[in-house]
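Chemist: If you want the building blocks of each chain, they are given just below.
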Amino acid sequence: MNHGPVHPGEPPIINNADEPDRRGVLKFFSIVLGGIAAAAAGVPVLGYFFGPVTRMLRDKWVDIGAIDEFPTGQTRIVDFENPVRRPWDGVSGKSAAYVRRTGPGEFKVFAINCTHLGCPVSWFPQSGLFLCPCHGGVYYADGERASGPPPRGLYEYAARIEKGRLQILTGHLPTLNDPPSIATEKRA
Amino acid sequence: MNRIARQIGGWFEARLGIAQALRPILGHRTPRGAKWWYVFGSATLTLFLIQVVTGILLAMVYVPSGDQAYESLQYLNYTQELGWFLRALHNTAASGMVVMLVIHMTQVFLMGAFKYPRELTWLFGVGLLAITMGMAFTGQVLRWDQDAYWGVGVGSAMAGRLPIIGPYMVRLICSGPTIGGETLSRFFALHVFVLPGTLILLVVGHLYLVLRLGISSPPVAGKPVDPKTYDAEYERELANGVTFYPNPIRRDMIFSALTVIVIVALAAMIGPMGPGEPPDPTIIKSDPRPDWEFLPLFGLLALSPAPLEPVAIFGVPAIIGLVLILIPFVGSKGERSPRRRPVAVLSVILFFTTAGVLGWLGHTSPWSPVMDAWSGLPVPERMVKNLRPLELQGAAVFQVKTCRNCHALDGIGGERGPDLTKVATKLTHDELIRQVIQGGGLMPAFGSRLSPAEIDAMVAFLETLRPPGEPPARSAVTARR
Numbered sequence: 001m002n003h004g005p006v007h008p009g010e011p012p013i014i015n016n017a018d019e020p021d022r023r024g025v026l027k028f029f030s031i032v033l034g035g036i037a038a039a040a041a042g043v044p045v046l047g048y049f050f051g052p053v054t055r056m057l058r059d060k061w062v063d064i065g066a067i068d069e070f071p072t073g074q075t076r077i078v079d080f081e082n083p084v085r086r087p088w089d090g091v092s093g094k095s096a097a098y099v100r101r102t103g104p105g106e107f108k109v110f111a112i113n114c115t116h117l118g119c120p121v122s123w124f125p126q127s128g129l130f131l132c133p134c135h136g137g138v139y140y141a142d143g144e145r146a147s148g149p150p151p152r153g154l155y156e157y158a159a160r161i162e163k164g165r166l167q168i169l170t171g172h173l174p175t176l177n178d179p180p181s182i183a184t185e186k187r188a
Numbered sequence: 001m002n003r004i005a006r007q008i009g010g011w012f013e014a015r016l017g018i019a020q021a022l023r024p025i026l027g028h029r030t031p032r033g034a035k036w037w038y039v040f041g042s043a044t045l046t047l048f049l050i051q052v053v054t055g056i057l058l059a060m061v062y063v064p065s066g067d068q069a070y071e072s073l074q075y076l077n078y079t080q081e082l083g084w085f086l087r088a089l090h091n092t093a094a095s096g097m098v099v100m101l102v103i104h105m106t107q108v109f110l111m112g113a114f115k116y117p118r119e120l121t122w123l124f125g126v127g128l129l130a131i132t133m134g135m136a137f138t139g140q141v142l143r144w145d146q147d148a149y150w151g152v153g154v155g156s157a158m159a160g161r162l163p164i165i166g167p168y169m170v171r172l173i174c175s176g177p178t179i180g181g182e183t184l185s186r187f188f189a190l191h192v193f194v195l196p197g198t199l200i201l202l203v204v205g206h207l208y209l210v211l212r213l214g215i216s217s218p219p220v221a222g223k224p225v226d227p228k229t230y231d232a233e234y235e236r237e238l239a240n241g242v243t244f245y246p247n248p249i250r251r252d253m254i255f256s257a258l259t260v261i262v263i264v265a266l267a268a269m270i271g272p273m274g275p276g277e278p279p280d281p282t283i284i285k286s287d288p289r290p291d292w293e294f295l296p297l298f299g300l301l302a303l304s305p306a307p308l309e310p311v312a313i314f315g316v317p318a319i320i321g322l323v324l325i326l327i328p329f330v331g332s333k334g335e336r337s338p339r340r341r342p343v344a345v346l347s348v349i350l351f352f353t354t355a356g357v358l359g360w361l362g363h364t365s366p367w368s369p370v371m372d373a374w375s376g377l378p379v380p381e382r383m384v385k386n387l388r389p390l391e392l393q394g395a396a397v398f399q400v401k402t403c404r405n406c407h408a409l410d411g412i413g414g415e416r417g418p419d420l421t422k423v424a425t426k427l428t429h430d431e432l433i434r435q436v437i438q439g440g441g442l443m444p445a446f447g448s449r450l451s452p453a454e455i456d457a458m459v460a461f462l463e464t465l466r467p468p469g470e471p472p473a474r475s476a477v478t479a480r481r
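Just so you know, the protein sequences line up as chains Y and C, in that order. Each residue of the first sequence is one higher than the one before, counting from 1 in our numbering. Each residue of the second sequence is one higher than the one before, counting from 1 in our numbering.
Derived from the structure by calculation, the hints contain no laboratory data. One thing to keep in mind: the hints can contain errors.
[As the list claims (entries may be wrong)] Listed next, the in silico DSS-like pairs over lysine-lysine satisfying Cα-Cα at most 27 Å (straight line):
(1) C:LYS285 <-> Y:LYS108
(2) C:LYS426 <-> C:LYS385
(3) C:LYS426 <-> Y:LYS94
[What the hints assert, rightly or not] Have a look at the derived ranges for each label pair, beta carbon to beta carbon:
(4) Y:TYR48 <-> C:ALA318: 24 to 30 Å
(5) Y:PRO151 <-> C:ILE412: 52 to 58 Å
(6) C:LEU303 <-> Y:PHE80: 34 to 40 Å
(7) C:LYS385 <-> Y:PRO71: 38 to 44 Å
(8) Y:ASP79 <-> C:VAL343: 54 to 60 Å
(9) Y:LYS27 <-> C:ALA318: 37 to 43 Å
(10) Y:GLY103 <-> C:TRP360: 55 to 61 Å
Built from N, CA and C at the ideal position, the CB exists for glycine as well.
With these hints in hand, go ahead and build the complete structure from the sequences.
Modeler: Written out as structure tokens, the structure is:
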């Protein structure tokens, strides 16, 4: 085939179209190796990015105080350290819950999060109501929904008594499709 | 001297070719009559550049760590030289950027500038709007105070309502099972790397298309866009047009300069925003509110009936996004002038009215109980004058049982329930007792929380609440007798 005149001092013109075999090989390897390289770099990146989703951190039992601190028939707020907190969480690693003692050994422990959109509800012992500041959700003292936009009553933590101290099973942010964990172990 | 400067300039130009590269941009022809309507896009870009500069400077001091972000913000506000001003400017320019972006999009929509051949230019703009709103939300989280903490909480609760993937979305948003230091770090990475990077790419694409396709000429009623003839027509308009430099670019520069002056002045006057109380979830007396960009959504979520809530949470943003994406395809041809597009004009009016009303309601949030009204707001003096002891006792019960948190007297107090200033003209003795005991409407039942004596006293007080001269309410049955 005529490649045209070749001037002295210039490289000869090479027409790749003349070498279909090499072109096919290069194409094949550029795609295959490129795919392997993208997967090799991409899979760990995605695994890292979605780590918080795939990481299965179980809720833990947390001591929230001696049972004597909670008078029967009253609702008290308790602060505690979130069991899944990181050392650099600061005050955001704290957590709170409402404890209502209903009998000598009976407790109901509610999450502070409104079941509507998660804002912190306030307890009013005077009227026996929990009020939410965001959209006006109201709950009765037993956690039942009283009025407003919440789709259900307050979230309730699993509670148990260990050597005279109250413990609750907590760790994750309670939301509508992922309410607090149910206790699976036997009560002590 | 001048000659030497020109020689040095020439030396660089021969190698860099900057003037050569800029000449087609500055010299490209634009249609006549564009005037001042076309300045909002460049003003948005100018404010974005301010965000880049102030953002980098703030990142030199801000500590994106769960336990020290709050302290570093306090340091910026009170100790770092002009830290307060940089924070204020970053916040004000962010608001200004959203405002300019919305004005720019509205102008482009009303003037039909999204029509053939500029559909993709519009889509890049829609992407820029989405990223800018993402910047607004992630930036609010970096403020790492109560509003930030509960902003993430509300965002998580919304995403958590999705079936099946909800709980996974919550863990992705929080970067773990709950809100903490990892949440902040991830939002920081989004706010300073991922979103701005995407934003810059989209801006480059947007500007490339603006230069490639040219800006649209001002719309003329009765001159519809027809893809078959538009290009030739536009060429003719350009031939008769003006070069981008000097006049159009001068208008852009003047308006951007005015915008920056106003933003800087506002920043100096308003000062930095927050941080409010620390991001401590045990501070129960919190009243979280989103930044103004999200108040309409906040209002919508309070007002939508429970069965429609998923629609409000996922449907409304999805529909807005879908409509914005479909606009240039549905309306790629036809009239451009707003005078011939009544549906377009009405849609704009409807959108801004709805967003304005919802935003205002979100700001005043009449549905929120006034948490300290029961102890902070006394019963108006005229209402307790000359009361009998039982009625006085009832007024005390009314206060102590936190009724004021939802019920105003003389317009002062909560607005969740009706103002009770004239309640005795509307409800009879029996109806009042029934309402208190059983509740109804938005009111919880108080039957188990009040003793019969307390209910008697309170209803006796409520029965005195009517203006002199107006008769008390009577039941239909009694009235007939």
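Chemist: Taking the hints in turn, state whether each one holds.
Modeler: We went through each hint and held it up to the structure:
Under the criterion of a C-alpha separation no larger than 27 Å, the hint pairing LYS285 of chain C with LYS108 of chain Y is consistent with the structure, at around 22 Å. Proximity of LYS426 of chain C to LYS385 of chain C is assessed by CA-CA distance (about 22 Å); at most 27 Å being required, the pair is judged to hold. At roughly 48 Å between alpha-carbon atoms, LYS426 of chain C and LYS94 of chain Y are farther apart than 27 Å, so this suggested pair is violated. As the Cβ distance of TYR48 of chain Y to ALA318 of chain C is approximately 29 Å, the hint placing it in 24 to 30 Å holds.
For the pair PRO151 of chain Y and ILE412 of chain C, the beta carbons lie near 32 Å from each other, so the given range of 52 to 58 Å is not met. Separated by about 35 Å at the C-beta atoms, LEU303 of chain C and PHE80 of chain Y satisfy the suggested range of 34 to 40 Å. LYS385 of chain C and PRO71 of chain Y have their C-beta atoms about 39 Å apart, which keeps the hinted 38 to 44 Å range intact. The hinted window of 54 to 60 Å between ASP79 of chain Y and VAL343 of chain C holds, with their beta carbons roughly 56 Å apart.
Roughly 41 Å separates the CB atoms of LYS27 of chain Y and ALA318 of chain C, a value that falls within the hinted 37 to 43 Å. Distance hint for GLY103 of chain Y and TRP360 of chain C: a CB-CB separation of about 48 Å, inconsistent with the stated range 55 to 61 Å.
The structure fails to meet hints 3, 5 and 10 from the earlier list, while all remaining hints are met.
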